Amino acid sequence: MTDVLHNDSATADQPAKTIQMRVWRGDANGGDFEQYDLPAQEGEVVLDVIHRIQATEAPDLACRWNCKAGKCGSCSAEINGKPRLLCMTRMDTLPEGPITITPMRAFPVIRDLVTDVSFNYEQARKVPAFNPPPRPADGYRMQQIDVERGQEFRKCIECFMCQDVCHVIRDHEENKSQYAGPRMFIRYAELEMHPLDTNDRRELVREKMGLGMCNITKCCTEVCPEHIKITDNAIIPLKERVVDATYDPVAWLGRKIRRKTKRTAEEASVQPE
Amino acid sequence: MSDLEHQEYDVVIIGAGGAGLRAAIEAKQRGLKVALVCKSLLGKAHTVMAEGGVAAAMGNVYEEDNWKVHFRDTMRGGKMLNHWRMAQLHAQESPDRVQELEAWGALFDRTKDGKILQRDFGGHRYARLAHVGDRTGLELIRTLQQKAVSMDIDVFMECKVVRLTTDLDGSVTGLVAYWRPTGEFITFGAKAVVMATGGVGKSWKYTSNSWEGTGDGHALALWAGAELIDMECVQFHPTGMVWPLSVRGILVTEGVRGDGGVLRNSEGTRFMFDYVADMFRAETAESPEEADRWYDDHTAGRRPPELLPRDEVARSINTEVKAGRGSPHGGVFLDIASRRSPEDIRRRLPSMYHQFMELAGVDITRDAMEVGPTCHYIMGGVKVDPDTGATSVPGLFAAGEVSGGMHGSNRLGGNSLSDLLVFGRRAGMGASDYAESRSGGIPKVDSTLVAQYMDEALEPFTRDEGENPYDLQHDLQEMMQANVGIIRTGSELDDALGKLEEFKERANRLAVKGGRAYNPGWNLATDLPSMLTVSTCVAMGARDRKESRGGQTREDFPKADPELGKVNFVLRQPSGGGFSEEIKISPEPLPEMPDELMAIFEEQNR
Chain A
1 MTDVLHNDSA TADQPAKTIQ MRVWRGDANG GDFEQYDLPA QEGEVVLDVI HRIQATEAPD
61 LACRWNCKAG KCGSCSAEIN GKPRLLCMTR MDTLPEGPIT ITPMRAFPVI RDLVTDVSFN
121 YEQARKVPAF NPPPRPADGY RMQQIDVERG QEFRKCIECF MCQDVCHVIR DHEENKSQYA
181 GPRMFIRYAE LEMHPLDTND RRELVREKMG LGMCNITKCC TEVCPEHIKI TDNAIIPLKE
241 RVVDATYDPV AWLGRKIRRK TKRTAEEASV QPE
Chain B
1 MSDLEHQEYD VVIIGAGGAG LRAAIEAKQR GLKVALVCKS LLGKAHTVMA EGGVAAAMGN
61 VYEEDNWKVH FRDTMRGGKM LNHWRMAQLH AQESPDRVQE LEAWGALFDR TKDGKILQRD
121 FGGHRYARLA HVGDRTGLEL IRTLQQKAVS MDIDVFMECK VVRLTTDLDG SVTGLVAYWR
181 PTGEFITFGA KAVVMATGGV GKSWKYTSNS WEGTGDGHAL ALWAGAELID MECVQFHPTG
241 MVWPLSVRGI LVTEGVRGDG GVLRNSEGTR FMFDYVADMF RAETAESPEE ADRWYDDHTA
301 GRRPPELLPR DEVARSINTE VKAGRGSPHG GVFLDIASRR SPEDIRRRLP SMYHQFMELA
361 GVDITRDAME VGPTCHYIMG GVKVDPDTGA TSVPGLFAAG EVSGGMHGSN RLGGNSLSDL
421 LVFGRRAGMG ASDYAESRSG GIPKVDSTLV AQYMDEALEP FTRDEGENPY DLQHDLQEMM
481 QANVGIIRTG SELDDALGKL EEFKERANRL AVKGGRAYNP GWNLATDLPS MLTVSTCVAM
541 GARDRKESRG GQTREDFPKA DPELGKVNFV LRQPSGGGFS EEIKISPEPL PEMPDELMAI
601 FEEQNR
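As they're listed, the protein sequences go chains A and B.
Per my numbering, the first sequence runs over residues 1 to 273.
Per my numbering, the second sequence runs over residues 1 to 606.
If you are wondering where the hints come from, they were derived from the structure by calculation, not from laboratory data.
Treat the hints with care, since some could be wrong.
The list that follows gives simulated cross-link-like pairs (lysine to any residue, SDA-like), each with its CA atoms no further than 25 Å apart [claimed, not checked]:
1) K155(A) x M157(B)
2) K504(B) x K155(A)
3) K584(B) x H354(B)
4) K155(A) x R347(B)
5) K155(A) x H354(B)
6) K112(B) x D60(A)
7) K33(B) x V445(B)
The structure displayed is predicted, hence computed values, not measured ones.
Working from the sequences, and respecting the hints, build out all of it.
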């Protein structure tokens, strides 16, 4: 045993306090809360506790996860009613008493904490692709200041918690057919602000993606684990640009001169080869 | 059987990380019918965890850089166990692959003149890693994902492959898988299959890998008759988090050291100066003063020893801790707080800042991080033809971490993302050429095999009492950490192989509760056969390679053996094998580097 980093002596002395987890168990046909009582362990996040429940009492407890480091956005669920990443929520930051874990409410339940998030993947398929001019021999040139706006939005880990919390679709399934949601708005904003892109998606965002239905309550910004300023930096500027494109002749002319190559929404909605 | 879902494709790609996505894009561009099958949701693969950057000799920061220097750095980092042709193709083609990502929408950090910025990393002579802060893997996977989506590639998400199927000649005919959300089986008929399943780290207790890193592709390929090479070469990344225990193993990017961070022991000493091997002495700084001049101007001093290749740094940390100079929780200190301004740290290393703040309550702009080695990457893997990714099984191709040879005995940081792009594309081309060359339709998948493989996967449901898969996984991880960890000895490896046989017995008695729909206990039961196969391969290689080289460190054979530096250890099983069948191992000569490349290597070494 020569690996000196192999030791387990983290919490030795005092008896651990008990934590109470109320986890929703069920599927599309319904379900109920099940309570699990476990000894607390130092430094644990909620996902650790879920894993301990799986390894001991409930091996079939369904929970989606991958990286366990806040980088993949798989383990989204609701902790005491709020959308959170299970892997980035430390147990010692939660209030005393039973902790309630439920699946994301805006999406259909598959089983237990796992939901069907295909709505988001369908929306992603509708985005007209990035379309730059041909690449110069020595590569594209862009300035740091020009890429930074897009970089903020590309921090998105697709946890879909902004979609989950958005009141336009959280309790209004019927709106999903005409509303892309905050995750997709930052994608549209990113492309709109990309220094090289030549597609104009502004009419599409207004007419088909329901940008106007967002009334900037900033719920999405509050839950974003990447701290992306979804409302201020993406949705509001996007709304302004869309309005410019539609109503303001001066801005329209300015854009026409500056970016002659932008296409119309109709053209842009066709995927390039 | 009749209501079993069946799909037919020219090319099926298993795994949707960087290599799988890049292969899919290539095959789709050829106009073939392409499916991408992955265990998780699209965009969640382990590639997102890559932080520091993608290595490519573009020469944007140091004009002196070119593919020859990159080739030389890669071979040296791998202690010459690399397949020379892979190292050559990789160094030559990675700049184009990075540039191509920009044409698909990636937004890399920029130099002042608007080119792609490149950062320093261990083992690379020049600043060479194109990056986006410390979230380069996310940028790479999102770019490839968005490109793949815009091309309308069919994606089968949360779909776990249990076996490949082959015909009587041993050629690939397709595969058997199940949908995790429903537990229903699905079969694919395919002319060509590309394996792009990533790594094996989940068999160790402390690892940077996610639950997916169970070595499925290594095992599926071996069982189908393909060869694995040098499986003993496992990389322990020097800097994983060590505290709190529940996050132990999570990666701390090498970018921290590339950007000026230094390693100190409990006495405050910058100890890496004491561990510079002869091979690296000529190019490594002798004093902290010299090293500190290097960060701003690489001609004003030599490289800091913190930026030696990962195997060197990991072993040094292990030695410091063993000598009683470790940090309170059994690591060492990684300090950037005293060396860079809080603004710089937050800008250059934003996700490290959040990771430590939120998981450990440590503000890295004020305090040092506690870090120690974590199981990170396997250099060994499926033996492939460098140009096409073809394996020894007709119709089976492999790319990325699951393939072997590219990195020799130790991978340089940043060479993984570039590997995915270069060889993902090449495997996509190789598989497409093969599929196009096959006359006739999609091969038939043998229904007897399908029934057998489904029965095997469902067997744990037939037992009321038996082994708990979580217990077996736990015991496997404890054992591999203790016996097949960063430092190994013959007796412990023999012991490991004995225990692995016991684990295989236990795996034949697994029992799971509940239904088939999204049942993690059952999912784990179907991952354990791969984990056991891969662990056995690693332990066998480690037992037989009686030397220390890169990711293989033997306490009882502490030096590199020049004769063993000329061989790959090759593992085989007859086609149609399985996790309880015998695996054979033999040393076989390494492909010999042609004279003109040897000349380049020696010229660059001067």
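Hint-by-hint comparison with the structure:
1. K155(A) x M157(B): Cα-Cα ~22 Å, so holds.
2. K504(B) x K155(A): 42 Å, violated
3. K584(B) x H354(B): 46 Å, violated
4. K155(A) x R347(B): 13 Å, holds
5. K155(A) x H354(B): 13 Å, holds
6. K112(B) x D60(A): 53 Å, violated
7. K33(B) x V445(B): 18 Å, holds
Consistency note: the structure conflicts with the earlier hints numbered 2, 3 and 6.
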